[in-house]
Amino acid sequence: MSNSELEILQEEIIAKIKNTNDLVGLDEVRVQALGKKGSISAMLATLGKMSQDERKIAGPKINGLKNEIAKLIEARNVELKKQALEKRLKSEKLDISLPLSPAPTSTGTIHPVSQVIDEISAIFSDMGFSIAEGPDIETDELNFTALNFPPDHPAREMHDTFFFEPDENGERKLLRTHTSPVQVRVMKKTNEKPQAAWVTEPKDPPIRVIMPGRTYRCDSDQTHTPMFHQVEGLVIDKTSHIGNLRWVLEEFLKSFFEVDGIKTRFRPSFFPFTEPSMEVDVQCDRSGGEMKIGQGEDWLEILGCGMVHPNVIKMAGLDPDVYQGFAFGMGIDRLAMLKYGMADLRAFFDADVRWLKHYGFRPLDMPTLFGGLSS
Amino acid sequence: MKFTINWLKTHLDTKASNEEIIETLTMIGLEVEEVEDQAKSLEQFTIAKVVEAKKHPNADKLQVLMVDTGKGEPVKVVCGAPNAKTGMMGVFAATGAYIPGADFTLKKGMIRGEESNGMMCSEKELLLSDNHEGIIELPNDAPLGAKYIDYAKIDGVTIDIAITPNRGDCTGVYGIARDLAASGIGNLKDTPVAPIKATAGKTTIPIELHFEDEKNPPCPLFAGRMIKNIKNCTSPDWLQDRLRSIGLRPINALVDITNFVTYDRGRPLHVFDADKLSGTLHARYGNKGEKLSALDNKTYEIDEDCCVIADDSGVLGLGGIIGGTSTSSELNTTNVLVECAWFEPKNIAKTGRKLGIITDARYRFERYVDPSSVQSGVELATKLILEICGGEACETTIIGEKFSEEKIINFPISEIKRLTGLNIQLAEIKVILTRLGFWLSGSGDIVKIAVPSWRPDVTIKADIVEEIMRIVGVDKVPVEPLPSLSGVASKMLTNIQNRRRMARRVLAARGLNEAMNYSFISKEEAIRFGGGDKSLRLANAISQDMSDMRPSLLPALLAAAGRNANRGFADIAMFEVGQIFLTDEAKGQHTYASAIRTGIANINGATRDWRNGVKKVDVFDIKADMAALFDVLGQDISKAQIVAEPAIWAHPGRAGRVQLGPKIILGWFGEIHPELLQDLGLQGPIVAFEVDLDALPAQRKKATKSKPSLILSDLMSLKRDFAFVLDKDIAAMSIIKAAKNANKSLITEVNIFDVFEGEHVGAGKKSVAIEITIQPKVKTLTDEEIEAISSSVIGAVQKATGGILRS
Chain W
1 MSNSELEILQ
11 EEIIAKIKNT
21 NDLVGLDEVR
31 VQALGKKGSI
41 SAMLATLGKM
51 SQDERKIAGP
61 KINGLKNEIA
71 KLIEARNVEL
81 KKQALEKRLK
91 SEKLDISLPL
101 SPAPTSTGTI
111 HPVSQVIDEI
121 SAIFSDMGFS
131 IAEGPDIETD
141 ELNFTALNFP
151 PDHPAREMHD
161 TFFFEPDENG
171 ERKLLRTHTS
181 PVQVRVMKKT
191 NEKPQAAWVT
201 EPKDPPIRVI
211 MPGRTYRCDS
221 DQTHTPMFHQ
231 VEGLVIDKTS
241 HIGNLRWVLE
251 EFLKSFFEVD
261 GIKTRFRPSF
271 FPFTEPSMEV
281 DVQCDRSGGE
291 MKIGQGEDWL
301 EILGCGMVHP
311 NVIKMAGLDP
321 DVYQGFAFGM
331 GIDRLAMLKY
341 GMADLRAFFD
351 ADVRWLKHYG
361 FRPLDMPTLF
371 GGLSS
Chain Z
1 MKFTINWLKT
11 HLDTKASNEE
21 IIETLTMIGL
31 EVEEVEDQAK
41 SLEQFTIAKV
51 VEAKKHPNAD
61 KLQVLMVDTG
71 KGEPVKVVCG
81 APNAKTGMMG
91 VFAATGAYIP
101 GADFTLKKGM
111 IRGEESNGMM
121 CSEKELLLSD
131 NHEGIIELPN
141 DAPLGAKYID
151 YAKIDGVTID
161 IAITPNRGDC
171 TGVYGIARDL
181 AASGIGNLKD
191 TPVAPIKATA
201 GKTTIPIELH
211 FEDEKNPPCP
221 LFAGRMIKNI
231 KNCTSPDWLQ
241 DRLRSIGLRP
251 INALVDITNF
261 VTYDRGRPLH
271 VFDADKLSGT
281 LHARYGNKGE
291 KLSALDNKTY
301 EIDEDCCVIA
311 DDSGVLGLGG
321 IIGGTSTSSE
331 LNTTNVLVEC
341 AWFEPKNIAK
351 TGRKLGIITD
361 ARYRFERYVD
371 PSSVQSGVEL
381 ATKLILEICG
391 GEACETTIIG
401 EKFSEEKIIN
411 FPISEIKRLT
421 GLNIQLAEIK
431 VILTRLGFWL
441 SGSGDIVKIA
451 VPSWRPDVTI
461 KADIVEEIMR
471 IVGVDKVPVE
481 PLPSLSGVAS
491 KMLTNIQNRR
501 RMARRVLAAR
511 GLNEAMNYSF
521 ISKEEAIRFG
531 GGDKSLRLAN
541 AISQDMSDMR
551 PSLLPALLAA
561 AGRNANRGFA
571 DIAMFEVGQI
581 FLTDEAKGQH
591 TYASAIRTGI
601 ANINGATRDW
611 RNGVKKVDVF
621 DIKADMAALF
631 DVLGQDISKA
641 QIVAEPAIWA
651 HPGRAGRVQL
661 GPKIILGWFG
671 EIHPELLQDL
681 GLQGPIVAFE
691 VDLDALPAQR
701 KKATKSKPSL
711 ILSDLMSLKR
721 DFAFVLDKDI
731 AAMSIIKAAK
741 NANKSLITEV
751 NIFDVFEGEH
761 VGAGKKSVAI
771 EITIQPKVKT
781 LTDEEIEAIS
791 SSVIGAVQKA
801 TGGILRS
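Those protein sequence lines, which keep their order, are chains W and Z.
One point on numbering: in this note's numbering, the residue at position 290 of the first sequence is 290, and numbering is uninterrupted.
One point on numbering: in this note's numbering, the residue at position 635 of the second sequence is 635, and numbering is uninterrupted.
These are computed hints drawn from the structure, not numbers from a lab.
Among the hints, erroneous ones may be present.
To be verified - Here are some chain Z residues pointing at chain W (derived, C-beta under 8 Å): (1) Pro165; (2) Pro481; (3) Leu493; (4) Arg501; (5) Met502; (6) Ala508; (7) Ala515; (8) Tyr518; (9) Ser522; (10) Ala539; (11) Gln579; (12) Leu582; (13) Asp584; (14) Asp694; (15) Phe753.
For every residue, glycine included, the Cβ atom is placed at its ideal position computed from N, Cα and C.
The shape of chain W in the complex, shown without the other chains (with noise of 0.2 Å):
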């Protein structure tokens, strides 16, 4: 065999190796050159007939061929795949734009009521309370009476009470007009355990409790609904006084309406169970059609207060020379109104879809004080 001969296999080689599109033909080109019958295999078999010295030249020769081949075969394999690659995801392509069926946590909603309590609940945790709750069908002694409401007094018809009709013994249940009995519910010790396990149980002395709920006054119009939610707050204990309701007041607004330094007032007043009362009002703006609380010079009322009626602690069974304490309540469906620009308090009970999705808070946005009341 002569060089030119191998020169001449070499070229037709390599050509075939550039000229090769697929895989698949390459493998040929391959079999066709170094398979066991290939061209450069075969040129090996012929190294055994040849004399050593002959064969000192030509093997090197055909061994440095079939490396050649073999990497030249080798990097042309790796480029056609790169190119098939390449031409398969030039085909694979999607429009990214299309639209995602919505994500249920962003379409599901919570209710501003349910958010509101949640806030509530909160601010007033970090200040060592727990919540206490009571039915809403109550007697006319706790509603009232345990209260410190005579009978005819006109605070009584301020508060326009549903009636049930009279049972056989001619007493009539009547739906919570405040959620102020559950104050009496866990001041005062009775002998029978609560009829249900939700309904909070009497507690002794330090007491600290709020009572967020359903209450009930016949009264229907734009700022009235026949149902609404109040939460009351209570502290019972030795020491308690005006002075430190003030700083619970005023650190719940400020907590609540996230404004650092607004305003409070505290005006004299008038209920029943409380003596003396007071009725709080925050600083607000009403200037441009709009209300913003926490700022400008003029006043909104927001809640009433005041110390426990010594009345209503000797009804619920305690001392009241010994144990004191305040209670304050507020409307929280107003307090959502405030906070969140809600015009109608009818539209809260309305369950119009729009209307939960636009004013309703995202599943996942729980208030907390270590992450923020609100987003």
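With chain W's structure known, arrange chain Z on it following the hints.
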């Protein structure tokens, strides 16, 4: 309670500004609701002289005036008033002034070709009266160019305050002045009315109380005084102005005087035309069938609970509430009887409420009128009648018990600090209480305090504390943090409370919107959903739709679905977590979590989706919601029983009940019964669940918070599939249970991946395919061992369900 600052100043000597007075009122507990400043609105009007009045060249009824305003050249004004004439003094408004009585701002203009640079005003335009006949005509000596309000002494600031039910003493201007004086912004003018001497003998009409020996009669004290030969007339200007300033219409002197005393002293009284009375004048209970033709031109039915004032001819008035027309004073009245009595607040409130009468008298009597004013009220009324109408007064007849009992409170000074945190010295306490009319004696730690007759609301120590704190100012109470409680902070929410919170969050996270519906529904709905008991029906519901306490949250949710559908939103996912009522006791009130999905509102949202197509909701959508709810509440739904006991609202074949044994029912789910849909006018499908959150057993308290140790196997788990043919009615759940139980230690999971019915599995049959996961524990399983597990699964399923392995 309305009054003016001018009126207030007849009782209060003060240099305080109007703003200070208004601020102080609110801060001492007399909340100012509205302030109307007449002077401010009339500030721009000045006194001017008409120097020339000529007929308008182009209009018959108009004149062109040249008006000297006292400043610069006279201005030209076109005027339509017939009384405008050369030389007259009047009230001028320059261009730019706001005319309150006409509600417009004056602009320079051309009227029928004549320039007009202002306006001469009528009383109506200044809101001084209804008079619009002509422009105001002032005396010739009125100061030219001066402000009209200064000349006419208009400084009327009308204040409306809210009186809390305990402050009857502030339903008169005098009482308000007393409270303000206590705050230190002025001095109360002591204006006692000296007793008016009788010059016409005894009051001849007998006065009686007909309450026998009743312990708490509705009218225990009654005074009457005749005044003879009076001449009733129109009231003098000062009295008319007083009444008008607070929005009352002057009528005649006698009526105006009673209104004045009512507002000035918080002391309602009544003046009868004595010549119209027959026999005795007395207070008694009404009789059924009696009627009163009252001064408000309405007729009221009297009953035995009403306290009436009557004579021998019958009822003349409702005591302390309203008088009658038959004996009212007219302009021609010549002999009167002034009635001044004390009525018991509870009876007034009851009668007033029952008959729906709101009057100035009722407002005061039901808030308690000072009983000592029975006497002084008669004297003041007599004085005013004699002054205005002349006549001769008779002696006053007073019958009934006087209120002599004096209230004394033993008051420890330390009580103020104890309840408020305020440090106040005895001297200051003394000043405040004395100004309020209390008497204080003693100087030690405990002092004695006598309560004045007009303050029935002050009975205990805390009331005294309030008096002092409100006058000092609540803003003077130092703010003190509430001390932290010792010990580990207890959880704010009980487990039950936390469940409700979690329930809301998980359902919202599954794409449902939380609604809050009223606790009451219609009687028909209540019955339909298993309620309707009489004990849960309101006696005074505001409408038929809101008469019964709800036995379920679903009626309101379904109604909401209907309302939303009518607005074009037929596909909704909505829930409520709230109370339902089974009885009127606490144990009958349960908190439920209930939800509905309608139309295509599945978990992927209520839209047609390019990837998932359109899928209408089915029972398994709502079952998934319920399972997610149970899961966050710590109840694995696969460990509960799901039985084919449909709720009363559900499709009988597409509904179930979830329970832990027959006694603990956790909830229901299913498709709404087609009949119910039809009755409610709703489009199906609608699926729903209701879960009784209070029925879930409390999670057991664990001794330790640490979790059980985790053992992970290095051996590969393997899966095997089986398909069984079994009767259609056999619950698929039983296959899972049987397969799991076939080898509890190695089979870790059983999953149903295919269910179908069809001809090739046979009528009444279905095919259920399961995949089991086998997790080897100590060594790799041999083929034989795996085969043995497979056979035991097949055997167990066949035994439990009759299912045959499909070949």
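Structure-based check of all given hints:
1. Pro165: holds (4 Å)
2. Pro481: holds (5 Å)
3. Leu493: Status holds, d = 6 Å.
4. Arg501: holds (7 Å)
5. Met502: violated (10 Å)
6. Ala508: holds (3 Å)
7. Ala515: holds (4 Å)
8. Tyr518: holds (5 Å)
9. Ser522: This hint is violated: Ser522 of chain Z lies away from chain W, its Cβ roughly 14 Å from the closest one there, beyond 8 Å.
10. Ala539: Hint on Ala539 of chain Z: holds, closest Cβ of chain W at ~5 Å, below 8 Å.
11. Gln579: holds (6 Å)
12. Leu582: Since the shortest Cβ distance to chain W is 11 Å, the answer is violated.
13. Asp584: Status holds, d = 5 Å.
14. Asp694: Nearest chain W Cβ about 6 Å off; hint holds.
15. Phe753: violated (24 Å)
Hints 5, 9, 12 and 15, counting from the list given before, are not met by this structure.
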